[in-house]
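From first to last, the protein sequence lines stand for chains A and S.
Following my numbering, the numbering of the first sequence begins with 938 at its first residue and continues without gaps.
Following my numbering, the numbering of the second sequence begins with 1302 at its first residue and continues without gaps.
What the hints contain is simulated information worked out from the structure, not anything from laboratory work.
Small disclaimer: the values here were computed from a predicted structure and weren't measured.
Idealized CB from N, CA, C, for every residue including glycine.
Mixed in with the good hints there might be a few duds.
As the list claims (entries may be wrong) - What follows is a list of derived Cβ distance ranges for each label pair: (1) A:Arg1124 x S:Leu1365: 46 to 54 angstroms; (2) S:Leu1339 x A:Gly1049: 28 to 36 angstroms; (3) S:Leu1378 x A:Gly1053: 26 to 34 angstroms; (4) S:Pro1320 x A:Val1321: 49 to 57 angstroms; (5) A:Val1174 x S:Leu1339: 26 to 34 angstroms; (6) S:Leu1378 x A:Ser1164: 26 to 34 angstroms.
What the hints assert, rightly or not - Short, incomplete list of chain S residues facing chain A, as computed with Cβ under 7 angstroms: (7) Val1309; (8) Val1328; (9) Thr1330; (10) Ile1355; (11) Leu1365.
Claimed, not checked - Among the chain S residues that face chain A by a calculated CB cut under 7 angstroms, a handful are: (12) Ser1303; (13) Val1319; (14) Pro1320; (15) Ala1369; (16) Leu1370; (17) Ala1374; (18) Ala1377.
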Amino acid sequence: MRRNQLFRVVWRDVSSLAVVRVTVVALGRYWRRERGRLAPAAGSGVAEVAVGQDTRTSVSDSPTPEPGRAVSRPETPAADADRTRPAASTGDLETPGPGQRRAAVGRRNAVGPLAGAAVCICVEAVLIAPGHVLAGEIVDALLVFVFLQFNPNSIGGASRSWRAKAAICALALVPFIRVIALGLPLRDGSEPAGLLAVASLVGVAAFGLAPAVGITRRTLVGGRIPSSQLPAVFAGVVLGFVAYLVGAPVLWPAGAAGSRVLLALLAAVCAAAVEEIVFRGVVQVTLQRAAGRAGVVAATAVFASTYLGAKSAALILVFALAGLVFAQAVARTGTLGAPIAGHVLLVLGAGAVWPLLLGRAHPSWVSQPVATIALAVAVAAMTVILIRRRLPHPPRPPDPEVPSEAEAG
Amino acid sequence: MSGLLPHVIEHAISSKSVPFSSQSFGVVTLILLVVLLLEREVLQVSRFQPARRIALSAVSVPLLVALALTIAARLALLIH
């Protein structure tokens, strides 16, 4: 009986995958055949598109460009403007061409879709917090699919700005976190093991997505911590203590075995690092390129919205404040070392160090309403500082990491 | 606590068995994976928009791992 059941399950899963694969291959062959049939007739049109709108595609797909075909680096916004300019005026740097004007208009028009995407994510987080999890996952899956359509290489999307498209594409990582967390079979595993699995998969997705939105993978690793970022590390220590005071949960249950404690510490460190890579390294950098300081604040709001399911409002505000501090450090220096260190220290301090030093029971003298009001004032003040302070020019997207055909395939 | 695995999602995961969650949450994941793979295959065949293909691959790989883990968990439940 059990063997029959096992056979049925295996047959159903494998046959489903096989049907999907066969369908995809058949569609691909049909598409290839149709393209081959239409290629001579559509040759001039394709060349026109490649020169006028998407030369990066033509460069990466054909290593030896054809004579007369424009070869440039349109991955950068400047090149984005250049490629829409007539070839004769490419060397003219004084007067903006029609392409530059169109790019400027596109940047202005990008604020609407960007704000809409950020609001969608925040509202979805608000909806999922009370417990509408399955509906929230369906919305998340739709958001992932829709946001991925705003890739910088697409032609004729809702937003014409390269930076806005990259930012919206990067925002797909946020709903993707919830989709992957709910898709994993985590019921019988421990909470740290589940968190470690989710963090690993989201980290893989972030590192894979980074080149597509103009971020080099090297910048996501962290690197050294400049002295100007040391306040962010110190803020992580202080906010870890504050989070302990307002009731952050301890990382492991009382009387847990040593292996469980080690796994919990490892999961907390990995999750903190991945959160910084996703929210500061990918989402904030792309939003800052597209919308400046408003983008930084929006990225922090998206980060804080992921904590809406926390026990207390004070705890959510602690992480919102931490997000603002880390966001300012990244916006000013462009490196992720200090935010990663600060976030790790915050989590370890709140969930491990302070409970070990001062006891697992949270101090009773801390008034939650007073702490909530004080933290809300601090968040508001930090937001005002972040908005009013002049940030350095957002980092220009690096040279594209054009993948080889094997890597892309 | 972490924003990657909020309390609500953790509670939803722990309150459902693996077969049941693979028929509810897992179906959404599977449909998203199939749609993304189809789009990626079309883009690969058309040799167009490599950046979008990279983005689709980046998102599809973790979903594939999640699907493989779900199938493995269901098999493990049946075997034991």
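Taking the hints in turn, this is what the structure says about them:
1. A:Arg1124 x S:Leu1365: 46 to 54 angstroms: Distance hint for A:Arg1124, S:Leu1365 is violated at roughly 20 angstroms.
2. S:Leu1339 x A:Gly1049: 28 to 36 angstroms: 30 angstroms, holds
3. S:Leu1378 x A:Gly1053: 26 to 34 angstroms: 42 angstroms, violated
4. S:Pro1320 x A:Val1321: 49 to 57 angstroms: Holds - the Cβ-Cβ distance for S:Pro1320 and A:Val1321, about 51 angstroms, lies within 49 to 57 angstroms.
5. A:Val1174 x S:Leu1339: 26 to 34 angstroms: 48 angstroms, violated
6. S:Leu1378 x A:Ser1164: 26 to 34 angstroms: Given about 54 angstroms between the Cβ atoms, the range is violated.
7. Val1309: Hint holds; S:Val1309 Cβ to chain A Cβ min 4 angstroms, cut 7 angstroms.
8. Val1328: 9 angstroms, violated
9. Thr1330: 3 angstroms, holds
10. Ile1355: The hint holds - S:Ile1355 has a Cβ within 7 angstroms of chain A, the shortest such distance being about 4 angstroms.
11. Leu1365: For S:Leu1365, the interface hint is violated, since the closest Cβ of chain A sits about 10 angstroms away, which is over 7 angstroms.
12. Ser1303: 4 angstroms, holds
13. Val1319: This interface hint holds because 5 angstroms falls under the 7 angstroms limit.
14. Pro1320: Violated, about 9 angstroms.
15. Ala1369: Status violated, d = 10 angstroms.
16. Leu1370: 6 angstroms, holds
17. Ala1374: Where the cut-off is 7 angstroms and the nearest Cβ of chain A is about 4 angstroms from S:Ala1374, the hint holds.
18. Ala1377: Interface hint status for S:Ala1377: violated (9 angstroms vs cutoff 7 angstroms).
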